[in-house]
Amino acid sequence: MNDATIRARDAGVAALLERVRRAVAAQPASAMNAVDLSIARRTSASNSDLATIFATRASSVGMRVTRCASDALHTTVAAIMRAHADTSTPNQTLRTVVAIRDASLAQRMRDCLSSCPATLARDDDADGLFDCDVGITDVDCAIADSGSLVISTIGRMRNAWITPPIHLAIVFESQILADLVDLFEIRNECTTAASTTIITGPSKTADIEGVLVTGVHGPAYVEIVLVADESKHVADAHALIR
Amino acid sequence: MNELIAPTLPYDMMPRARAAIADVHLQQFVGRATHLKDEQRKSVFGADFGHDDYELLRSVAATTKQQALDQLDVLLEQFIERAQAHGSIVHAAVDAAQACAIALSIAAQHEAKYAVKATRCVKSKSMLTEEIGLVDALTRAGIETVETDLGEFILQIDNDAPSHIVTPMIHKDRAAAARSFVRVLGSRYTEDPEELTAIARAHMRGLYRHAHIGVSGANFLLAEEGTAVICTNEGNFDLSVGGPPVHIMFVGIEKLLRGARDLAPFLKLLARSGTGQPLTVYTSFVNGPRRAGESNGPKELHIVLVDAGRTGILGSSKRELLRCIRCGACLNACPVYRKVGGHSYGSVYSGPIGAVLTPELNRGAARAEGLANYPDLPRASSLCGACLEACPVKIDIPKFLLHARAELRTRTLSPASESRALRLWRWLAQRPMLFRLAIRASRLHARMLGQNDGRHAWISNAPGPAAGWTQSRDLGIASAQPFRAWFVQHAAERDAPPKEAAR
Chain A
433 MNDATIRARD AGVAALLERV RRAVAAQPAS AMNAVDLSIA RRTSASNSDL
483 ATIFATRASS VGMRVTRCAS DALHTTVAAI MRAHADTSTP NQTLRTVVAI
533 RDASLAQRMR DCLSSCPATL ARDDDADGLF DCDVGITDVD CAIADSGSLV
583 ISTIGRMRNA WITPPIHLAI VFESQILADL VDLFEIRNEC TTAASTTIIT
633 GPSKTADIEG VLVTGVHGPA YVEIVLVADE SKHVADAHAL IR
Chain B
21 MNELIAPTLP YDMMPRARAA IADVHLQQFV GRATHLKDEQ RKSVFGADFG
71 HDDYELLRSV AATTKQQALD QLDVLLEQFI ERAQAHGSIV HAAVDAAQAC
121 AIALSIAAQH EAKYAVKATR CVKSKSMLTE EIGLVDALTR AGIETVETDL
171 GEFILQIDND APSHIVTPMI HKDRAAAARS FVRVLGSRYT EDPEELTAIA
221 RAHMRGLYRH AHIGVSGANF LLAEEGTAVI CTNEGNFDLS VGGPPVHIMF
271 VGIEKLLRGA RDLAPFLKLL ARSGTGQPLT VYTSFVNGPR RAGESNGPKE
321 LHIVLVDAGR TGILGSSKRE LLRCIRCGAC LNACPVYRKV GGHSYGSVYS
371 GPIGAVLTPE LNRGAARAEG LANYPDLPRA SSLCGACLEA CPVKIDIPKF
421 LLHARAELRT RTLSPASESR ALRLWRWLAQ RPMLFRLAIR ASRLHARMLG
471 QNDGRHAWIS NAPGPAAGWT QSRDLGIASA QPFRAWFVQH AAERDAPPKE
521 AAR
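Sequence order for the protein chains is A and B.
Mapped onto my numbering, the consecutive letters of the first sequence carry residue numbers 433 to 674.
Mapped onto my numbering, the consecutive letters of the second sequence carry residue numbers 21 to 523.
There's no promise every hint is true.
To be verified - Using 20 Å as the maximum straight-line C-alpha spacing, the simulated EDC-like pairs for lysine to aspartate or glutamate come out as follows:
(1) K414(B) x E75(B)
(2) K319(B) x D555(A)
(3) K338(B) x D416(B)
(4) K319(B) x D58(B)
(5) K338(B) x D93(B)
(6) K419(B) x D396(B)
(7) K359(B) x D32(B)
(8) K319(B) x D556(A)
(9) K338(B) x D90(B)
(10) K319(B) x E641(A)
(11) K133(B) x D468(A)
(12) K414(B) x D72(B)
(13) K359(B) x E641(A)
(14) K359(B) x E59(B)
(15) K62(B) x E75(B)
(16) K62(B) x E427(B)
(17) K319(B) x D468(A)
(18) K414(B) x D468(A)
(19) K359(B) x D43(B)
(20) K414(B) x D58(B)
(21) K419(B) x E409(B)
Since the hints were derived computationally from the structure, they do not count as laboratory data.
The structure displayed is predicted, hence computed values, not measured ones.
Let's have the full structure, built from the sequences with the hints guiding it.
The structure is reproduced here in structure tokens:
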């Protein structure tokens, strides 16, 4: 891009700002009082069983939730993978990309895949992502109120959760926030990572005569493995950080 | 641009409205779908927040957005600075032509940077890009641009235009989709929505993979963080932005919010007002292009801030209109939209909000063109107030419709017959005796024209200006007893002592 183009662009931006300044000044500001945004909250942070609320709400928007103990993570993931492999073509192996920020969890999942009908895809091949059957991710956090997953590009390949037809997300109970309001009260990935997506259900459309169809561009299946925390202490520690 | 949303001006609404009312399929589809969505919205808000908190939440959102507009200059400057710090390239466009020209100049530089000419573009759904006619501009420049939202895609291959802000093909049935898929994609004929969606999915996969440019809009811009927020249900935004090396985002300047701390009420209101969902399936946050070490995502992220009539509204007494978050709730609630459908409004923005926004966005430099070009829109309303009740940011649409009607009168843009009728009315209303006589005469006249089954009286074929009404329904006749007489009688009853003691 040459200097003239850049100058023209900056002049355009400056001119827009000037027009906006004049327009703002042309009308008196409305006499509206300060507002209390907490009215938007629906689920209280003091709720003792956020995991159950999260599981219920996530199911109600069409995601599948399987709860397990920490030491059963391996077998739970393997069972879900086998179930999907069986419903596809017989003896099919699922091409799987692992996009997990936590290095030790990522290694555990890669190990787990060796006992599944799956082949591991590279997690830095943007084009190859389109040939994957499954994307396995962890999450930055989850939201109980809406049953949502929050996944950023920090430490994870972008779109690994939306390109393959199956998304398997691992959520630890200690990662669950009560409400969307809480997400924006802490400084978080949404406003720092190159990209973050809040996911609330499988990809959906009702464009054709209002008939609900899942799996339009994103996954038709979102499998959530909700892992109980090993000890209450870990959860308390997380709560303190938040 | 498609004649349906960019008609010859001045735009005469009546032919399309008449055609829509006569179209049995359209009446069924649009009537049923809008009614259902409106009911869903009410029941979801009722269940999730309760009536009082829903009211409060709307007030909070209205105030928050109004305050953002009141300091839009500050927020805009802040956003630009932060977005540039994320590595985004920020542009500004005065009008539609300039916005399209910016896209073309970005595309023209593609070959020098990526050693391949830009010829393929994937586009995520955005009202603003419809407004500025971007697809046409790109296509004319040899860049094949595909709408990736399923509804918009079907409309595009059928050379049709969106008729609803949220559910663009609300006026079309599955058979129309099936026919166009056979014709354009060469797929076998099926009317099953699931199969049609699968065909579209397979088609789009190849496009996402090989596109040179991605295009989208944005639902919110966060000033404090320089973040763009995009809501979709299908996931087409994430795929449009993730694949191609260049992404261009077109955003109206009214989309600014102070920051992430203000966002939660809007995300909750937008999804529930539009479709009754707790949140849209995908709420995507974008902070610039891909970072060092990341293997996908756009290498260049352009944000084009578009004015196109918005500063005009911002500097006028109608600033409140810019609070609109494009949820479509007022369309679903509107009895007129339900009958005439979106295309009757002759604009990308249909329904009550379209009726006020379209003339305002198109006022032009002399601030006079808008209403002269769309004189029917302010009258395309029964002023019932359903739109205000449904609006998540409490835009007083009925008030602005009335203001527009007043402006039509003072600028004598109203039809002469309307002025004559109003003059006659004013003259009569100032002469009580004559007024009463005239009412009596018209009552008598109506009863002569009408039919009577003993309980009801009606006219099936009214003469003169009332003929339009009786073409599609009967006209009721005033009762035999005038209100004045009824009132005198009931006032006497009310003042008389009750016959029984009240329980």
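Tested hints:
1. In summary, the hint linking K414(B) to E75(B) is supported, as the alpha carbons are separated by about 9 Å, within the 20 Å threshold.
2. With a C-alpha separation of about 18 Å, the suggested pairing of K319(B) with D555(A) holds against the 20 Å cut-off.
3. For the proposed pair K338(B) and D416(B), the alpha carbon gap of about 10 Å is at most 20 Å, so the pair holds.
4. Simply put, K319(B) and D58(B) have alpha-carbon atoms about 41 Å apart, too far for the 20 Å limit, and the pair is violated.
5. For the hint linking K338(B) to D93(B), the alpha-carbon distance of about 17 Å falls within 20 Å, and the restraint holds.
6. A hinted pair counts as satisfied when its Cα atoms are at most 20 Å apart, and K419(B) with D396(B) qualifies at roughly 16 Å.
7. A C-alpha spacing of about 17 Å is found between K359(B) and D32(B), which places the hinted pair at or below 20 Å, so the restraint holds.
8. Simply put, K319(B) and D556(A) have alpha-carbon atoms about 15 Å apart, close enough for the 20 Å limit, and the pair holds.
9. Only pairs whose Cα atoms come within 20 Å are accepted, and K338(B) paired with D90(B) is accepted, the gap being roughly 12 Å.
10. This hinted pair does not check out: K319(B) and E641(A) have alpha carbons roughly 38 Å apart, beyond 20 Å.
11. Only pairs whose Cα atoms come within 20 Å are accepted, and K133(B) paired with D468(A) is rejected, the gap being roughly 49 Å.
12. With a CA separation close to 15 Å, the supplied pair K414(B) and D72(B) stays within the 20 Å bound.
13. For the hint linking K359(B) to E641(A), the alpha-carbon distance of about 17 Å falls within 20 Å, and the restraint holds.
14. Note on K359(B) and E59(B): the hinted pairing holds, with a Cα-Cα distance of about 17 Å set against a maximum of 20 Å.
15. Between K62(B) and E75(B) the alpha-carbon distance is near 12 Å, which keeps this suggested pair within the 20 Å criterion.
16. Pair hint K62(B) plus E427(B) does not hold up; C-alpha atoms about 34 Å apart against a cutoff of 20 Å.
17. With a C-alpha separation of about 39 Å, the suggested pairing of K319(B) with D468(A) is violated against the 20 Å cut-off.
18. Between K414(B) and D468(A), the direct Cα distance comes to roughly 17 Å. Compliance with the 20 Å bound is thereby established for this hinted pair.
19. Under the criterion of a C-alpha separation no larger than 20 Å, the hint pairing K359(B) with D43(B) is consistent with the structure, at around 10 Å.
20. About 16 Å separates the Cα atoms of K414(B) and D58(B), which keeps this hinted pair within 20 Å; it holds.
21. Distance hint between K419(B) and E409(B) is fulfilled; the C-alpha atoms sit about 13 Å from each other, no more than 20 Å.
Of the numbered hints given earlier, the model fails hints 4, 10, 11, 16, 17; all others are met.
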